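Chemist: Here is how the chains run, residue by residue.
2 protein chains.
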Amino acid sequence: MPPAISSASFFIGKGGGDLISFGSGQPDLPPPQQIFEAQRRFKTFRYGPVQGEEKLRAALAKEYPGARAEEFVVTNGASEALDLLLRAAATRSGKVLLPKPYYYSYPHNVRLAGMTPKYYRLRDGKIDFDEFEAQAKGCRVALINSPGNPTGSVQDIAVLKKIEAFARRTGTILISDEIYKDLIYERENYPMKGETVCTINSFSKTYAMCGLRVGYVHTKDKDLMAKMVEIKSHTSMNTNVLAQEMAYEALQTPKRHIAQQMKVWRSRRDYLYESMVGLGLDLWKPEGAFYVFPKFKDPTRAMHDLFYRYHMITYNGAWFGDPSRLRFSYALDLAKIAKGMERLEAFLNKEYRRYT
Amino acid sequence: MPPAISSASFFIGKGGGDLISFGSGQPDLPPPQQIFEAQRRFKTFRYGPVQGEEKLRAALAKEYPGARAEEFVVTNGASEALDLLLRAAATRSGKVLLPKPYYYSYPHNVRLAGMTPKYYRLRDGKIDFDEFEAQAKGCRVALINSPGNPTGSVQDIAVLKKIEAFARRTGTILISDEIYKDLIYERENYPMKGETVCTINSFSKTYAMCGLRVGYVHTKDKDLMAKMVEIKSHTSMNTNVLAQEMAYEALQTPKRHIAQQMKVWRSRRDYLYESMVGLGLDLWKPEGAFYVFPKFKDPTRAMHDLFYRYHMITYNGAWFGDPSRLRFSYALDLAKIAKGMERLEAFLNKEYRRYT
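So the protein sequences, as listed, match chains A and B. Mapping the first sequence onto my numbering, position 69 (from 1) lands on 69, and the numbers just tick up by one. Heads up, my numbering is the position in the second sequence plus 1000, with the first residue counted as 1.
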């Protein structure tokens, strides 16, 4: 069961007042102040272009080397971006290569587009290129997600370049989900390039605008772009014009806004990772996004015990295709993280010792 | 070619300064003032419930006799409402019954959900129940649209009750697209009722909020509702939370706001209809929405001549499944409608006489 459904019905109204949530995948930091001004100023609620406002697409083009406004379609978040892209790329019983573990919606999105998911296994969160290439045989589309959810992993540039070359050589449509591109601790983002590359991004994570639902696809593939715009003209029309104006304003935010927030994210990442290592958990150090993904014996039981006895929300790795782990988001403040780690320590010293 | 694509590429940048558009399907009247206050006030951009804000759904429930908040899902306009509903109802090679003429997206939406469209022919815009019933055989889903686009027709209550009974008797999923429900000149809207009825509506037409993209589905079918919410959790997540707040505020608008706008719509409808009758055109008097649908010899040629020689935008009936007519929207002020009718008269007295 996907967490969007299961967690809602499972967690809501049960936790009591001191519930600490390591569940949510949304930033708790504030959005840039400028978007509130755009919000107040905007007054025109007529239909906009289905592809997205020209002004916003032109501003996005400046963020991608060599890109042009017509290579973007603005969508209802990264979710619609992926849905639209897969519907546009769909062929009857086509196969789509996904990482495993994966963001929990991916396999559903593939099936909803009438295609079949196939998987390449990540090794401690990292892509093994040989495995990727072997599994990609016969796939019309392949997807990578760096920084990754639920892994927090950032892929090595050498591997990303091999994947670019693979896509160029084979003509495979390569979806690069880069929605955490501004949340990388170790280096700058490496934006994937190529004629068949379709980059998905969103304003949700970088600018804390989740509920406003603004995302986009960037691609140089004109046929795919035309198909996406045509499908969207029937399935949702323009993305909310007010939210697009706010997204445009968010893009004007000085980069130091992002840099300042990165300090906060990094300190949380370091604290949480080191705490878990100190508690003897088996996990890798995430280089991006805001998740850690430690191993547990019987994660489903651990998730339930942590919730019912220690009032902590965590997400089951099984929802993401890895039944040996739990996902902890660190989109919450350090004091709460610290309190959560005390509870986790108590859990490990009590219930968990009795697990087989 | 659907007008969302074709009209954009065809019309934009060609018309010059005195272009008169009878093309657009969006109200030119202002939205209620209250929504601007909601716009300024709202400050929380976190993810919302995928099904839609509880507050908005509770307010919607009051608009439908015997309805409850959990029977609604709030969508990115009526477009996503229909897309989501068809995807939730889809069976492999299922058939969906549509009116002909139809809103131009319907057949595309059906195919995008992996199903096949089938048609019942309207007679001068009206449903012939025997024809509807005969064609509905073997269809999993049937759709009605009253008031209709492009017809402007409002269906008789006696016929609507027969269709309700048919749906009850056969278990057919009945989609009732009522997005023009507040634009009826002759009577109150008759909201379709029944266990298998799925009503689609939106804030676009009643409240002139097209670009904000808020629509919804109302249904008592719990399985369909659960499927729609699950699909939406993967394909777009919550509808824009700010737009939902504005939609909630729009619902609080006194009904006299709608009544006042109806006077404007009615005077335009009467003026345009009587002008066209006076010019000898063959059309029925529309009872709802804001379209007239007159017959033309060679409508494609007429549309081009009207555009290039008389600077008037009209939409080709062929885009809506009726190649014998042109659609004129009257979402523009009376002075422009009058000027357009002068041009139409000149066209009819000159070019059009040479048509065969």
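Hints may contain errors.
[Claimed, not checked] Straight-line alpha carbon distances no greater than 30 Å define the calculated DSSO-like cross-link-like pairs of lysine-lysine that follow:
(1) A/Lys263 x B/Lys1193
(2) A/Lys100 x B/Lys1062
(3) A/Lys55 x A/Lys95
(4) B/Lys1161 x A/Lys227
(5) A/Lys339 x A/Lys350
(6) B/Lys1161 x B/Lys1193
(7) B/Lys1062 x A/Lys43
(8) B/Lys1095 x A/Lys227
(9) B/Lys1227 x A/Lys227
Hints listed in this document are in silico derivations from the structure and should not be mistaken for laboratory results. Bear in mind that the values here come from a model prediction, so they are computed numbers and not experimental data.
Chemist: Work down the list of hints and note, for each, if the structure agrees.
Modeler: Hint by hint, here is what the structure shows:
For a cut-off of 30 Å, the pair hint linking A/Lys263 to B/Lys1193 is broken: about 56 Å separates their Cα positions. Restraint check for A/Lys100 and B/Lys1062: the C-alpha separation of about 46 Å exceeds 30 Å, so the hint is violated. As the CA atoms of A/Lys55 and A/Lys95 are separated by approximately 36 Å, the hinted pair breaks the 30 Å bound. With a C-alpha separation of about 40 Å, the suggested pair B/Lys1161 and A/Lys227 falls outside the 30 Å cut-off, and the hint is violated.
Between A/Lys339 and A/Lys350, the direct Cα distance comes to roughly 17 Å. Compliance with the 30 Å bound is thereby established for this hinted pair. A distance of roughly 9 Å separates the Cα atoms of B/Lys1161 and B/Lys1193; the hinted pair therefore holds under the 30 Å criterion. For the hint pairing B/Lys1062 with A/Lys43, the CA-to-CA distance comes to about 28 Å; that is within 30 Å, so the pair holds. With a CA separation close to 24 Å, the supplied pair B/Lys1095 and A/Lys227 stays within the 30 Å bound.
For the hint linking B/Lys1227 to A/Lys227, the alpha-carbon distance of about 26 Å falls within 30 Å, and the restraint holds.
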